[in-house]
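There are 2 protein chains.
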Amino acid sequence: MTARTLLPELPAYAALAEHAKTLASASLEGLFAADNTRARAFTVSAAGLHLDYSKHRVNAQALSSLLQLAEQAGLGQRIEDLFNGAHVNNTEDRPALHTLLRASDGGAQQLRFQEVVAAKARMREIAERLHCGGHTGYSGSTITDVVNIGIGGSDLGPRLVTQALKPFHGQVQCHYVSNVDPADLLDTLAQLNPASTAFIICSKSFRTEETLANGLAARAWMLAAGASTADLDKHFLAVTTNLPAAREFGIPAANCLPMWDWVGGRYSVWSAVGLSCAIAVGWERFAQFLAGAEAMDRHFRGSEAHTNMPLLMSLLEIWYSLFFHASNHVVLPYDHSLQRFPDYLQQLTMESNGKRVSSDGRELQYQTAPVLWGSAGTMGQHSFHQLLHQGTRLCPVDFILPLTTHTGAVEQHRMLVANCLAQSRTLMVGRSLEKARAALLQRGFDDDNAATLAPHLVMPGNRPSSIITMESLNPGTLGALLALYEHRTYCSGQLWRINSFDQWGVELGKEISTDILARLAGASDGSTMDASTEGLISAFRDAQR
Amino acid sequence: MTARTLLPELPAYAALAEHAKTLASASLEGLFAADNTRARAFTVSAAGLHLDYSKHRVNAQALSSLLQLAEQAGLGQRIEDLFNGAHVNNTEDRPALHTLLRASDGGAQQLRFQEVVAAKARMREIAERLHCGGHTGYSGSTITDVVNIGIGGSDLGPRLVTQALKPFHGQVQCHYVSNVDPADLLDTLAQLNPASTAFIICSKSFRTEETLANGLAARAWMLAAGASTADLDKHFLAVTTNLPAAREFGIPAANCLPMWDWVGGRYSVWSAVGLSCAIAVGWERFAQFLAGAEAMDRHFRGSEAHTNMPLLMSLLEIWYSLFFHASNHVVLPYDHSLQRFPDYLQQLTMESNGKRVSSDGRELQYQTAPVLWGSAGTMGQHSFHQLLHQGTRLCPVDFILPLTTHTGAVEQHRMLVANCLAQSRTLMVGRSLEKARAALLQRGFDDDNAATLAPHLVMPGNRPSSIITMESLNPGTLGALLALYEHRTYCSGQLWRINSFDQWGVELGKEISTDILARLAGASDGSTMDASTEGLISAFRDAQR
Chain A
1 MTARTLLPEL PAYAALAEHA KTLASASLEG LFAADNTRAR AFTVSAAGLH
51 LDYSKHRVNA QALSSLLQLA EQAGLGQRIE DLFNGAHVNN TEDRPALHTL
101 LRASDGGAQQ LRFQEVVAAK ARMREIAERL HCGGHTGYSG STITDVVNIG
151 IGGSDLGPRL VTQALKPFHG QVQCHYVSNV DPADLLDTLA QLNPASTAFI
201 ICSKSFRTEE TLANGLAARA WMLAAGASTA DLDKHFLAVT TNLPAAREFG
251 IPAANCLPMW DWVGGRYSVW SAVGLSCAIA VGWERFAQFL AGAEAMDRHF
301 RGSEAHTNMP LLMSLLEIWY SLFFHASNHV VLPYDHSLQR FPDYLQQLTM
351 ESNGKRVSSD GRELQYQTAP VLWGSAGTMG QHSFHQLLHQ GTRLCPVDFI
401 LPLTTHTGAV EQHRMLVANC LAQSRTLMVG RSLEKARAAL LQRGFDDDNA
451 ATLAPHLVMP GNRPSSIITM ESLNPGTLGA LLALYEHRTY CSGQLWRINS
501 FDQWGVELGK EISTDILARL AGASDGSTMD ASTEGLISAF RDAQR
Chain B
546 MTARTLLPEL PAYAALAEHA KTLASASLEG LFAADNTRAR AFTVSAAGLH
596 LDYSKHRVNA QALSSLLQLA EQAGLGQRIE DLFNGAHVNN TEDRPALHTL
646 LRASDGGAQQ LRFQEVVAAK ARMREIAERL HCGGHTGYSG STITDVVNIG
696 IGGSDLGPRL VTQALKPFHG QVQCHYVSNV DPADLLDTLA QLNPASTAFI
746 ICSKSFRTEE TLANGLAARA WMLAAGASTA DLDKHFLAVT TNLPAAREFG
796 IPAANCLPMW DWVGGRYSVW SAVGLSCAIA VGWERFAQFL AGAEAMDRHF
846 RGSEAHTNMP LLMSLLEIWY SLFFHASNHV VLPYDHSLQR FPDYLQQLTM
896 ESNGKRVSSD GRELQYQTAP VLWGSAGTMG QHSFHQLLHQ GTRLCPVDFI
946 LPLTTHTGAV EQHRMLVANC LAQSRTLMVG RSLEKARAAL LQRGFDDDNA
996 ATLAPHLVMP GNRPSSIITM ESLNPGTLGA LLALYEHRTY CSGQLWRINS
1046 FDQWGVELGK EISTDILARL AGASDGSTMD ASTEGLISAF RDAQR
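Residue numbers (our numbering), protein chains in the order written: chain A, 1 to 545; chain B, 546 to 1090.
Simulated from the structure, these hints should not be mistaken for lab results.
Just so you know, even glycine gets a beta-carbon here, dropped at the ideal spot from N, CA and C.
Incorrect hints may have been included.
Distance condition first, Cα-Cα at most 20 Å in a straight line; then the derived DMTMM-like pairs of lysine to aspartate or glutamate [said to hold, decoys possible]: (1) B/Lys1055 - A/Glu411; (2) A/Lys510 - B/Glu956; (3) B/Lys980 - A/Asp187; (4) A/Lys435 - B/Asp905; (5) A/Lys435 - B/Asp1060; (6) A/Lys166 - B/Asp732; (7) B/Lys980 - A/Glu411; (8) B/Lys711 - A/Glu363; (9) B/Lys980 - A/Glu511; (10) B/Lys980 - A/Asp515.
Simulated coverage check for chain B against chain A, where a stretch passes if three residues somewhere in it have a Cβ under 8 Å from a Cβ of chain A [as the list claims (entries may be wrong)]: (11) 590-603; (12) 728-742; (13) 842-848; (14) 992-1004.
The task is simple: from the sequences and hints, build the whole structure.
Here it is as structure tokens:
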């Protein structure tokens, strides 16, 4: 890997620092007033999504410098690299070809593409059988419930997609278990009948501690209900690369679907990791979900920078992080079925870009991934929006808004939409001291009280937000939305000079956990840890008595 | 309200800035090595909870200065003020007496206390009747499902408590609907039978847009199922101060439980807002929940500063925010039933302290409430922990850990505990370049590759965390835990000189939403908003065709 120029060394960086100074004190309302083409000029469309980024602290000059920064960082080539199989995951010496999982054409990746096509054919067969009620369990009952056991990328993606596509569900209910806390599995199983339940054990290595523990508990539950070990292959499927371990668990190769080392867990919902989703919504809709993502891929690969939606969103992320000290990014889907989207994006963005060295191993002197958080609107309005409007920390927001509802409840949906647009506008316009005082006088406060209270009603405004709209949330637009954030994450990683595809930061905790587990169980090799951990180990052992 | 000295003007502030410089480069492991009493000295207990804060960037000197800061800020008196009915909510000229809701003795607040006692007696009668299956609906069926319709404080608290106390549930299932998105209510109702379902409409004003919309839809569902309007009082309860509006909705006063203007929504789970919890777990356990909170109240009011758990947690929050630029605070409950705790805390902390002016109206020149986020462990370990360990942003963590499980699955619970302790320890110890290289050599990498990869495995360590343990999560410890964070929030608000009990930042959005709603529905008074909002209104109207 050749060393690459870091962001602050690129020529556009200094210009951006200057623009930031100018724009820090500019009024967004003023920018709208000065240019009546602003809303249109700062809106782009792709794959059924429309991004309005006009309520951001950018003008044409800043945007131009941001686009130059991307060019100077070689982002065009980096985007090509993602698709053409270059080893963009350099620390693990692999490509990151999640886009191939939704491609209708394998391009230069024919060998891998044929594997994907073959896996998809098997996945389709299984998904259709279960979706249509054509799969029966040990007692001859139709499988009505599917439990996906996985964690991280083997959980968050399929969980989100299944929930988001609820209006498209068939008869099978899909459930998700991830936590090693036994309550997670037990609460789920309490609602289910073993005879009509199937499990998908989702673990690339088939060694994930949480997943194996839950898988074994599920297996014991099935056997306790009267299934024989020979019956288990009617109830257990696996998505894994480790066929021997799956076989040892009791899942034959015929029940295993593959993963590949060139797809990271957090980019894997497009693979057989999405099997539960395909069972829930049927193959045709799962194919639409893939097609929506592919449409975004084509846009991302084929569009010029100034209309490239993922790239523009990434540049805004970089802009606020580098020049406005934003340490947060908020995502607020105004659609209840997307309530898990922030959880999904936390893994996508923070596991990908929560890193402190460049891909070539230099310690970075600037901030990388911000913390991403959020919740479904309108719930946050009655909770943390207070901080968004009047707190001291800059939190750029992405509002996500389907313009129609599947529920038929048009009037109530209209209230949802009104709230979304109002929050975005309110963040921008704020409320001046004068207006705050006027509002109080109108409510009947006297002059003195209005003057005293007014500072508390002031909202500084100029708080930036994007709105991403779509005509409806459906398999296609959902696929596009996920691919949009994947590519935004990749662009930001490339600009920060990070490898977005490894996760070295998670392994040490696993090692230390193994040591502590032995100690909790009473083993001791005579070594000691810090006094805090030692004290907590003792407290745990005392509590078991 | 007399003007109060702001934090940076207090004498201890300068000393703290000096300590922070020293401690910024200190190694936490070194602090443990230098003082073998550290773990014990930095652990405090109260109301069944144990806080180990020894893995923080503090030493005895820094802690002493922090305690001086609290003293100089007059915090002792401020704590007294909270309990004795002073108008700590000065902008609304009211006390904040949520502690009275769980007090076994009214002290100087006898009038209010008698109201609480009377309300609790009625609440108990209703809760016991429903909990024991003694309440029947329009067709004579026993009520088996209760739907709480509320938002913000009328939702997050009861939702959390009911979920957290799952092992203590009786026969009645409680459900929570808050979002104005019609999908929230419709998805819930799809599982329910009107004849055996009761609703609690939870809204202090009985004017909350989301709650009324959902309440009316629930009412229509009940009538459509065959209930008469006269039957509705068997199925609808309200928690509100607005009896006339409830009556107009069809809920007689006999079915209404009170709220009070001296309890904020986000502090109200202890009132009749917690009715659904009391129905789920029965009165005796709800009373234990209140008693757990009261035990924490007594600790908070009666303990000296250096053993005062809420105060110590608040001082750590202030410390990292002011002197280490921490803009985040992470809460990781290692208990699946507490998975909603971060959502609850987001409202508690960010709505209380996400403010930019002092309680006497001065614009603050320092940062106030950080962003609070998190998820149930171990799920985050496979997601955002990468950023906690190797990201560039300092995120102090609170781990919350019950030492026993209700599930009986002792081995799997032990894995959960091991993971929790391991994450806390890993954040502290990190991994040096040398150890990273050694680990790689041991795995079979050659010298060159180990040297190239090692920087990616480095973890800087010295990342602070607390661990809050309890013998088990039960009604009493849950009550103590919630009261702990309430008081931490109050202390931080007082130190920042904020009024933690108002929320002026949320009202403007409501006004603008009303205007936009009319526009979405086709009305126009000729006025226009910004071009972005106008464009989105048009897009919405186009999408309805």
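Among the hints numbered above, which are violated by the structure, and what are their numbers in rising order?
-> Structure breaks hints 3, 7, 8, 13.
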